[in-house]
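Protein chains: 2
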Amino acid sequence: MSLWEFLYTEIKNAVISGVFSPDEKMPSKRALAVHLGVSVITVAAAYAQLISEGWLYSIERKGFFVTNIRESMPEKNFRPIRPKKNSSGEKTSERTEPKPTKPEGKWFADFRDNSTALGKFPFSQWSKIIRKILRMPDSKLLSRCETAGLWELREEISSYLLRFRNIKAPPERIIICPGTEYAYGMLVQILGRERLYAVENPGYRKTADVLRINGAECRPVDMDQEGIRPDIIEKLNVSVIHVSPLHHYPTGRVMPVKRRMELLSWSMEKTPANGNPPGRWIIEDDYDSEFRFTGKPLETLQSLSEDSGGNRVIYMNTFSKTLAPSFRISYMVLPESLLEDFSKKTGFFACAVPNLDQMALAEFMKNKNFETHIIRMKNYYRTTRNNLIAAIEGGKLSGISHIKEEDAGLHFLLTLDTGFSGKKLKAKLAEEGINAALLSDYFHKGEQGKPDRFPGDADKTLVINYSGLGREKIPAAVKRMERALTACCP
Amino acid sequence: MSLWEFLYTEIKNAVISGVFSPDEKMPSKRALAVHLGVSVITVAAAYAQLISEGWLYSIERKGFFVTNIRESMPEKNFRPIRPKKNSSGEKTSERTEPKPTKPEGKWFADFRDNSTALGKFPFSQWSKIIRKILRMPDSKLLSRCETAGLWELREEISSYLLRFRNIKAPPERIIICPGTEYAYGMLVQILGRERLYAVENPGYRKTADVLRINGAECRPVDMDQEGIRPDIIEKLNVSVIHVSPLHHYPTGRVMPVKRRMELLSWSMEKTPANGNPPGRWIIEDDYDSEFRFTGKPLETLQSLSEDSGGNRVIYMNTFSKTLAPSFRISYMVLPESLLEDFSKKTGFFACAVPNLDQMALAEFMKNKNFETHIIRMKNYYRTTRNNLIAAIEGGKLSGISHIKEEDAGLHFLLTLDTGFSGKKLKAKLAEEGINAALLSDYFHKGEQGKPDRFPGDADKTLVINYSGLGREKIPAAVKRMERALTACCP
Chain C
1 MSLWEFLYTE IKNAVISGVF SPDEKMPSKR ALAVHLGVSV ITVAAAYAQL ISEGWLYSIE
61 RKGFFVTNIR ESMPEKNFRP IRPKKNSSGE KTSERTEPKP TKPEGKWFAD FRDNSTALGK
121 FPFSQWSKII RKILRMPDSK LLSRCETAGL WELREEISSY LLRFRNIKAP PERIIICPGT
181 EYAYGMLVQI LGRERLYAVE NPGYRKTADV LRINGAECRP VDMDQEGIRP DIIEKLNVSV
241 IHVSPLHHYP TGRVMPVKRR MELLSWSMEK TPANGNPPGR WIIEDDYDSE FRFTGKPLET
301 LQSLSEDSGG NRVIYMNTFS KTLAPSFRIS YMVLPESLLE DFSKKTGFFA CAVPNLDQMA
361 LAEFMKNKNF ETHIIRMKNY YRTTRNNLIA AIEGGKLSGI SHIKEEDAGL HFLLTLDTGF
421 SGKKLKAKLA EEGINAALLS DYFHKGEQGK PDRFPGDADK TLVINYSGLG REKIPAAVKR
481 MERALTACCP
Chain R
1 MSLWEFLYTE IKNAVISGVF SPDEKMPSKR ALAVHLGVSV ITVAAAYAQL ISEGWLYSIE
61 RKGFFVTNIR ESMPEKNFRP IRPKKNSSGE KTSERTEPKP TKPEGKWFAD FRDNSTALGK
121 FPFSQWSKII RKILRMPDSK LLSRCETAGL WELREEISSY LLRFRNIKAP PERIIICPGT
181 EYAYGMLVQI LGRERLYAVE NPGYRKTADV LRINGAECRP VDMDQEGIRP DIIEKLNVSV
241 IHVSPLHHYP TGRVMPVKRR MELLSWSMEK TPANGNPPGR WIIEDDYDSE FRFTGKPLET
301 LQSLSEDSGG NRVIYMNTFS KTLAPSFRIS YMVLPESLLE DFSKKTGFFA CAVPNLDQMA
361 LAEFMKNKNF ETHIIRMKNY YRTTRNNLIA AIEGGKLSGI SHIKEEDAGL HFLLTLDTGF
421 SGKKLKAKLA EEGINAALLS DYFHKGEQGK PDRFPGDADK TLVINYSGLG REKIPAAVKR
481 MERALTACCP
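Chains as they are written, first to last, in our numbering: chain C, 1 to 490; chain R, 1 to 490.
You may find that some hints are simply not true.
Copies of the same chain look alike in the list, so a pair counts if it fits in one copy or across any two.
[Unchecked claim] Once the Cα atoms are required to be at most 30 angstroms apart in a straight line, the calculated DSSO-like pairs of lysine-lysine come out as:
(1) K423 <-> K344
(2) K12 <-> K258
(3) K132 <-> K473
(4) K378 <-> K206
(5) K378 <-> K29
(6) K345 <-> K423
I should point out that these hints are in silico values taken from the structure, not numbers from a laboratory. These numbers were taken from a predicted model, which means no experiment stands behind them.
Sequences and hints are given; from them, build the entire structure.
Here it is, written out as structure tokens:
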């Protein structure tokens, strides 16, 4: 290969890999020749080839430029999964919800954002713990981790669950996963794809998406005021139910004990053999129970079930809310009766959470840092919520707004009587840099493709997630909402 | 580019373009060296590389000949392949094997263990990087990460792949996963469960297990000396093939160019409609390519495919071997044609690798720490391997042992002529605290439940994974093996 070919290849590769940015100016032939210590003829030959193949283009009297190959490629090629690097904010909104109308990261206030408060994370404690672990590394640190996760972390979670949630879960029954969505996938592997799964309607759409992409059939089942409807579950021959009984998302409803008992007794019935494998199961997603602002945490379905000898509840929780969504650590508590299937069916997997992260979290929990952190965060979020609600109720929106919240969790519902359609409402807010989902966005399509069914005000009710909102932004955010919604009727 | 690489590229291009005819005899190393005015060592290095990739073949006492690649080339012409710039590598894979008969951690030497060398991990560098990230935390650190992973890390991997593996993969096409096994699950979600997947027999059993637990049908397909057999693939109506062409596990075989071309042309054929969805795919698992001890890394199926415009290869690699199995970071390079399905079907998942770990690895790669680390590890493992082989060959086992290895990867094959059955062989070794798998352990059950088929010596051949073996243990481990196997015949 001659020198000019070598140079040609190098430049082409750099264009392909993005080392040179689209439309970046290339050095002149002479400058590059001097820089590389080769003749101008060599550079000219390489440039000529690159131009004729279209990797570079030239503009008379201006010089040579890098072709934007991502744009000029056929449509299916090089479709970026996200915009190229320079966009600074990496904020992502939930993909399962309708796409925001503005580019990501551009919102003044994003009420779909489930980030946690950056300034409140105990970075220096975390750093200290990691330093300590890496200073005296244990051979465990680099070895493959068993499927269920590191024993130390499972012990800490076990003791935490007992003290804070009254859940009796020995470490053997605790499974560490890299996020709740992966836990669902694992459950489909353990329980089987031949079952019918049910999720709450309205509800968090991703749960159904994850179950389906894992090959399971999944039906949204309507809720009434007390929660998911047992009559529909019975009728549909459901075999597994996913619920958040203690703080439903997004309605915030708490399932009364009566309904919980109904579900438990459904789960303990002998199952008829029509299609589903034996056994009925309830997945209890306790995603934000740490943030109950008054009173003590409610009793879980899991403890009710264990106390009644039932043992049909799979309990789930996550550190996404208490630490941050980027931590990718969640866990399940399996009923005793599923342990054998778990290790038989999924025992060849290694735990997907890095050992270092598991060790750091175990240490963080052991030192009571975690409990202190939760108390701090609870206070912080309570104040944020109170300030936000006060700002809404103390301003121009007071006459047209109604807030519904359960003194729990990191979101509340805000019903706005503006006369706008749901679509218009969101568009008006978007113009002011405010992103929010409607309650109606969480209604699944009904059976047989019928349109979404939801009560009249779901289309004028916003779901306000405030954990990612900086407190300092509250007055301005509410001002913008007022401007968006009351400008026409001052 | 060094002289031998230049020579290698020239000859390879001449083979591809037909300047050298199929089965033409090449000049001897000495003759070519004299002719070109270079050293014999230079020619020898180029020839060795060409032979291991299959462009040339040698016949003992006759010389070197040009492989007939014509007959297996895909329709479209292969463009001459551009040279790679450099060499070195990284890689990993996590390999679970038949359960050890003793509890973990109780072995004096465990040749099934795929841990990496604890003492060699750059703990203090890693600690420094994490401290730096946590000292000036970015809001990105705590936010949900998009499905494909953090852009910065994907950029680093993209540039690494181009420099070290001649793989042109823009960051848009790189997907970060928490381990190869999760990547398989994601692929089943993208490609579909209705396809027939094929894995190599013998082979790493977990691959098939993971595909199956994700709901896909998977068949082990017999290998011949060149790799997985295309005739069986054709007959079974396979739609996706999983292969490790550059260093098969556990046989260590390198798939010659001819077979690679056959697979590529299979992948590019229009697919008949009998059962499978459209499109054929090859999953290329490049798990230990960084640890090729001589020559430069072999060319991937992925680059061959891209160069021929085929784009049917999904490339996979992992940091389990280069860093540690506990790091839980692997990645895939998707063909452009799969990007849309990827984001449509799995776009609602958050990346399951914690952001902190992704940021730390990106920083580690950016600072060239990673490349330095690989070079160190390569030297370390090469010496470990040499010491272990020397100890075996220099002791009592010398008369009854035969070692087969390809100067690559972190395992080799040790055939022992003891007269023991495979079961007895393992039991004898276990008594002395030595754990090892047989080559025959990697044979899948044949079709229709027929017993495993494997060549006669697979039952007396041990698969020796040495990366987790402390170098200081080598003499004693070999002594124990001698005691176990030669005590009766001193």
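Verification of the hints:
{"no.": "1", "hint": "K423 <-> K344", "in the structure": "between (49 angstroms within a copy, 24 angstroms between copies)"}
{"no.": "2", "hint": "K12 <-> K258", "in the structure": "both (13 angstroms within a copy, 28 angstroms between copies)"}
{"no.": "3", "hint": "K132 <-> K473", "in the structure": "between (37 angstroms within a copy, 28 angstroms between copies)"}
{"no.": "4", "hint": "K378 <-> K206", "in the structure": "within (26 angstroms within a copy, 44 angstroms between copies)"}
{"no.": "5", "hint": "K378 <-> K29", "in the structure": "within (28 angstroms within a copy, 40 angstroms between copies)"}
{"no.": "6", "hint": "K345 <-> K423", "in the structure": "between (46 angstroms within a copy, 26 angstroms between copies)"}
When the structure is compared with the earlier hints, no violation turns up for any of them.
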